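When you get a sec, could you build the whole thing from the sequences and use the hints?
These protein sequence lines are chains A and B, in that order. Under the working numbering, the first residue of the first sequence is numbered 53, with each subsequent residue one higher. Under the working numbering, the first residue of the second sequence is numbered 31, with each subsequent residue one higher.
Hint data in this document are derived by calculation from the structure and do not stem from the laboratory. No experiment lies behind these values; they were computed from the predicted model shown. We put the beta carbon where it would ideally sit given N, CA and C, even for glycine. One should not assume that every hint holds.
[Said to hold, decoys possible] Residues from chain A shown here face chain B by an in silico Cβ test under 7 Å; the list is partial: (1) Q86; (2) P92; (3) K94; (4) S98; (5) L99; (6) L101; (7) Y150; (8) F154; (9) T156.
[To be verified] Here are the simulated lysine to aspartate or glutamate pairs, EDC-like style, with alpha carbons at most 20 Å apart: (10) K151(A) to D58(B); (11) K161(A) to E102(B); (12) K85(B) to E52(B); (13) K100(B) to E60(B); (14) K87(B) to E52(B); (15) K151(A) to E109(B); (16) K120(A) to E55(A); (17) K53(A) to D89(B); (18) K43(B) to E102(B); (19) K43(B) to D68(B); (20) K151(A) to D89(B); (21) K151(A) to E125(B); (22) K33(B) to E47(B); (23) K53(A) to D81(B); (24) K94(A) to D68(B); (25) K101(B) to D68(B); (26) K33(B) to D91(A); (27) K101(B) to D81(B); (28) K94(A) to E60(B); (29) K87(B) to E109(B); (30) K151(A) to E86(B); (31) K161(A) to E52(B); (32) K151(A) to E60(B); (33) K151(A) to E92(B).
[Said to hold, decoys possible] Residues from chain B shown here face chain A by an in silico Cβ test under 10 Å; the list is partial: (34) E60; (35) Q67; (36) L71; (37) Y94; (38) R144.
Below are the chains, spelled out letter by letter.
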Amino acid sequence: KQEVTQIPAALSVPEGENLVLNCSFTDSAIYNLQWFRQDPGKGLTSLLLIQSSQREQTSGRLNASLDKSSGRSTLYIAASQPGDSATYLCAALPSGTYKYIFGTGTRLKVLA
Amino acid sequence: DVKVTQSSRYLVKRTGEKVFLECVQDMDHENMFWYRQDPGLGLRLIYFSYDVKMKEKGDIPEGYSVSREKKERFSLILESASTNQTSMYLCASSEGGFGRELFSLGYTFGSGTRLTVV
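Next comes the structure, spelled out in structure tokens:
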């Protein structure tokens, strides 16, 4: 059964720092992996989706990588800003299903 | 801009009431999902639907039912609300159906409904 883990659960960094959020999954048979952002009390906003055949995706200051063989994905945030403060969740879509498996998230705080 | 709309941001209901949570998407997506999110437990799938009038149980369906009479609308029903159903409820939709390639699928979420049962 696919399990998705995100470590650390919480992270505080000073403004301007580059940072990496980690996501691990136990079964490499996935269609894709999606990264989301969630602000307090709000829904989830999709940031990046990486298909299983891809190694990385970029959007602005965000870059997500995928290494299926090691069961890892990373979300790189360049030049962090206080507005980046939120919870970041990753979710893997196992092959043969429509249902994503979610990690429990990393709560990021960027200090001004 | 494509959207998933949940009709209520906040709801307060009494124990024993029948509660309806509505979700509408304008993307012509086949799949729709209901999750609940609780601190320390993450997102847990309640029910999903891959077509009109079709539904499947997720991981925690007890105490809930769903209705999908039209493609764009997926309703979550709490038959008799209880305090342990106090939670954030999130609706999502995605493309896809039987026979389609799934590798490009992604979820689009609504803004959530914070339900409190007193």
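Taking the hints in turn, this is what the structure says about them:
1. Q86: Result: holds, 5 Å to nearest chain B Cβ.
2. P92: Violated - the Cβ of P92(A) stays beyond 7 Å from chain B, reaching only about 11 Å at its closest.
3. K94: This hint holds: K94(A) lies near chain B, its Cβ roughly 6 Å from the closest one there, short of 7 Å.
4. S98: Constraint on S98(A) satisfied, holds at 6 Å.
5. L99: violated, 10 Å
6. L101: Holds: closest Cβ of chain B sits about 4 Å from L101(A), inside 7 Å.
7. Y150: OK, holds: Y150(A) within 7 Å of chain B, min 5 Å.
8. F154: Constraint on F154(A) satisfied, holds at 4 Å.
9. T156: Holds - the Cβ of T156(A) comes within 7 Å of chain B, reaching about 4 Å at its closest.
10. K151(A) to D58(B): Status holds; Cα separation ~18 Å.
11. K161(A) to E102(B): Violated, because 36 Å separates the two Cα atoms, which is more than 20 Å.
12. K85(B) to E52(B): holds, 15 Å
13. K100(B) to E60(B): holds, 10 Å
14. K87(B) to E52(B): Holds, at about 18 Å.
15. K151(A) to E109(B): Judged against 20 Å, a Cα distance of about 24 Å means the pair is violated.
16. K120(A) to E55(A): Holds, at about 14 Å.
17. K53(A) to D89(B): holds, 13 Å
18. K43(B) to E102(B): The given pair, whose Cα atoms are some 26 Å apart, is violated under the 20 Å limit.
19. K43(B) to D68(B): Roughly 18 Å separates the two Cα atoms, so the pair holds.
20. K151(A) to D89(B): At roughly 11 Å apart (the allowed maximum being 20 Å), D89(B) and K151(A) satisfy the hint.
21. K151(A) to E125(B): holds, 12 Å
22. K33(B) to E47(B): violated, 29 Å
23. K53(A) to D81(B): violated, 25 Å
24. K94(A) to D68(B): holds, 13 Å
25. K101(B) to D68(B): violated, 28 Å
26. K33(B) to D91(A): holds, 17 Å
27. K101(B) to D81(B): holds, 7 Å
28. K94(A) to E60(B): violated, 24 Å
29. K87(B) to E109(B): Given that 20 Å is the threshold and the Cα spacing comes to 15 Å, the pair holds.
30. K151(A) to E86(B): Measuring from Cα to Cα gives roughly 11 Å; hence the hint holds.
31. K161(A) to E52(B): Violated - the C-alpha atoms of E52(B) and K161(A) are around 32 Å apart, more than 20 Å.
32. K151(A) to E60(B): Holds, at roughly 13 Å.
33. K151(A) to E92(B): Judged against 20 Å, a Cα distance of about 18 Å means the pair holds.
34. E60: With a closest approach of 9 Å, the E60(B) hint holds.
35. Q67: holds, 9 Å
36. L71: Where the cut-off is 10 Å and the nearest Cβ of chain A is about 8 Å from L71(B), the hint holds.
37. Y94: violated, 16 Å
38. R144: Constraint on R144(B) satisfied, holds at 7 Å.
Hint check: violations occur at hints 2, 5, 11, 15, 18, 22, 23, 25, 28, 31, 37; the rest are consistent with the structure.
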